[in-house]
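Student: As a plain string of letters, each chain reads:
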Amino acid sequence: MSLNIIVLAKQVPDTRNVGKDAMKEDGTINRAALPAIFNPEDLNALEQALRLKDANPGSTITLLTMGLPRASEIIREAIYRGADTGIVLTDRALGGADTLATSYSLAQAVKKFGNYDIILGGRQAIDGDTAQVGPQIAEKLGLPQVTYAEEILELKDGHVVVKRRLESGVETVKAPLPCVVTVNGSAAECRPRNARRVQKYKYAVSPSEKEKLSDDMKAIVDARPYLNLQEWSAAYVDADPQQIGLAGSPTKVKAIENVVFTAKESLTLDNDDAQIEELVKELIANHTIG
Amino acid sequence: MTDNNNLIVYCEYEDGKVADVSLELLTKGRVLADKLGVKLEALVIGDKLDKIEETLYPYGVDTVYKVEDARLYPYTSNPHASVLINLFKEIKPQICLMGATCIGRDLGPRVSSCLHSGLTADCTALEIGDHKDPKTGKEYTDLLYQIRPAFGGNIVATIVNPDCRPQMATVREGVMKKEIKDPAYKGEAINLDASKYVSPEDFVVEIIDRHIEKSKVNIKNSPIIVAGGYGMGSKEGFDLLFELANTLGGEVGASRAAVDAGFAEHGRQIGQTGVTVRPKLYIACGISGQIQHIAGMQESSIIISINNDPNAPINTIADYVITGNVEDIVPKLIKYYKKNSK
Ligand SMILES: Cc1cc2nc3c(=O)[nH]c(=O)nc-3n(C[C@H](O)[C@H](O)[C@H](O)COP(=O)(O)OP(=O)(O)OC[C@H]3O[C@@H](n4cnc5c(N)ncnc54)[C@H](O)[C@@H]3O)c2cc1C
Ligand SMILES: Cc1cc2nc3c(=O)[nH]c(=O)nc-3n(C[C@H](O)[C@H](O)[C@H](O)COP(=O)(O)OP(=O)(O)OC[C@H]3O[C@@H](n4cnc5c(N)ncnc54)[C@H](O)[C@@H]3O)c2cc1C
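Read top to bottom, the protein sequences are chains A and B. Be aware that the first sequence starts at 1, since it is given in my numbering, and climbs by one per residue. Be aware that the second sequence starts at 1001, since it is given in my numbering, and climbs by one per residue.
To be clear, the hints were calculated from the coordinates, so they are not data collected in a lab. A hint or two may mislead.
[Said to hold, decoys possible] With beta-carbon atoms standing in for the labels, derived distance ranges: (1) Ser266/A to Lys1216/B: 32 to 40 Å; (2) Lys1089/B to Lys111/A: 22 to 30 Å; (3) Asn1086/B to Glu189/A: 40 to 48 Å; (4) Lys1216/B to Leu267/A: 33 to 41 Å; (5) Glu1327/B to Asn56/A: 51 to 59 Å; (6) Lys1051/B to Gly290/A: 35 to 43 Å; (7) Gly95/A to Glu1327/B: 49 to 57 Å; (8) Gly95/A to Asn1218/B: 40 to 48 Å; (9) Asp1050/B to Lys264/A: 41 to 49 Å; (10) Asp270/A to Asp1050/B: 57 to 65 Å; (11) Lys212/A to Arg1071/B: 54 to 62 Å.
From the three backbone atoms N, C-alpha and C, an ideal C-beta is built for every residue, glycine too.
Could you put together the complete structure from these sequences and hints?
Tutor: This is the structure we're talking about:
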């Protein structure tokens, strides 16, 4: 059986390696100083999709991402690793979205896309860190959801069996298709790029990227449909302007502060027996220990 | 039932026990409800709920909604979401709090999406305050300030939901304190008929198998924590920490780098993506003190840092800094404790 698989992926600033220059004077994030990467758990989701494709030849994996036009970078990355194609949902009107407005916009894009068997996403994005978008998309599409997935054990006869990794143990559930599955970082790592695919797809471009190419290059891209990624606007997916972007977001950021921990006045000791014994005695005396 | 605009806490329930995180939220919820002058309510959904209200009243709970049905345990997304969605349409709470657990983070977004109410994830503080919309100038009183870290813990944002109700927030376990308000506090229990809230179509996802492992480690409630980082070097290095913890009557915690390296199990991880702790004494051994780690232990009463780098970031929040190698210093702590305690 060939499947139509949608993978939701987000391009995120690499918040794991935030250096000093990443914060601006006014305490806001200097996004320009952070490299933009493929959200790590979305790669885990991609791997599960690729495994479904391996098991079901003829399947198609479409990456769907909402963000700036440059988010087509992660679509190429996904294609190098085995995905088929991708769509960037991009529009100024989508800016400032909270998770609810994000999930509404993505759900509209999924509806536009139409025929699909399963939607896979990451558990959580490393910038917003909410893990809310997956379940909200499921609700908006009226689909069941399986969160915290670690492995898709089986897909057949219109259902999936999924192993979930929870804080308290492991659960195996069976859900009907289509459904939304969000994948944990504890799942199998994504396979690396395939050198042949990199060769074949390195000129895969979105319409706004194609604009900037030379005429010769444009002709090459035009001649090869598989090099054309898609860019969709809010209007194209019939999004209600009241439900997208800042306007469609019930949560508002009132204030943002840079995290600074108040330094304490500390007592410094060396690796010296007398000093360490003194400290231990003090802690015993004030009933911290003992 | 009519609009009550109260504050409601979704209580997780497993094995005849209400989850700690839910009791922590009831404690916080009571404080917020008092500020707002409203009632504190609890919602428990599951099977064999028996006299669960008796455990909840002492936290200052005025109303316990019970939805009892064998099909509602163990938790699955759609049936529990339907209960919340339909009940909230009736009683219109102004605030709904839930644990930022695998359940709360699965349920909350589904409910918020259907009710079009904002949801703020993983709050570390909740307060009541006023707000003026910078664009429209419209003023709001008594909103829930939902304060949460984002961007990998590098910033803290205060989020408000001015116009949509309920204002929903999740909070991680251990972030709020759990405290009985009054052992004799009495509220009212209301049994709701599950079939009025859940439809047969909600039971779409079937649980085939469940292995719930009771966590053997209880670092959250330990007054003394000996935590190890990547600087411990190995699993064997951690043996030394267990020895110190056993000597002092404490538990062993770990940084994520130590957990990732396989030195300690995941249940011991302290920090933003692990547990939050606030012991009397925290001994950080070979931990550099990245922001995500500090987020989970900064409220410890006394912090000792043992690190061979005198400039390790953790030293700035430590009360005592011992500069040197863990393998030299930890045995000395053990030795001098044994010598000086009776
Ligand atoms: C400081 C700060 C705090 C915030 N706090 C909140 C909050 O508490 N509540 C709230 O509603 N919003 C909040 N937001 C807004 C939120 O970060 C954005 O709406 C964001 O676009 C989506 O949320 P997320 O990053 O948390 O994604 P998550 O919900 O963590 O993402 C889960 C998965 O959904 C998919 N996904 C998410 N976004 C996209 C996308 N753009 N394209 C394709 N797939 C995607 C991916 O598969 C991803 O792995 C906050 C933003 C900031 C800057
Ligand atoms: C989204 C996100 C969430 C995260 N959540 C968490 C979390 O919940 N908890 C957490 O801990 N981390 C978390 N992290 C990871 C965090 O950023 C750090 O990588 C981690 O805390 C580092 O662990 P460490 O201090 O043990 O290791 P390192 O940073 O490698 O520090 C080791 C320290 O040991 C010292 N040392 C080395 N050898 C010795 C010796 N022989 N004697 C004494 N000292 C020695 C070194 O000087 C150094 O200071 C998270 C990261 C991200 C991006």
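Student: Now, for every hint given, state plainly whether the structure supports it.
Tutor: The hints, checked one at a time:
no.	hint	in the structure
1	Ser266/A to Lys1216/B: 32 to 40 Å	holds (34 Å)
2	Lys1089/B to Lys111/A: 22 to 30 Å	holds (25 Å)
3	Asn1086/B to Glu189/A: 40 to 48 Å	holds (41 Å)
4	Lys1216/B to Leu267/A: 33 to 41 Å	holds (35 Å)
5	Glu1327/B to Asn56/A: 51 to 59 Å	holds (53 Å)
6	Lys1051/B to Gly290/A: 35 to 43 Å	holds (40 Å)
7	Gly95/A to Glu1327/B: 49 to 57 Å	holds (53 Å)
8	Gly95/A to Asn1218/B: 40 to 48 Å	holds (45 Å)
9	Asp1050/B to Lys264/A: 41 to 49 Å	holds (47 Å)
10	Asp270/A to Asp1050/B: 57 to 65 Å	holds (59 Å)
11	Lys212/A to Arg1071/B: 54 to 62 Å	holds (57 Å)
Hint violations for this structure: none, all hints satisfied.
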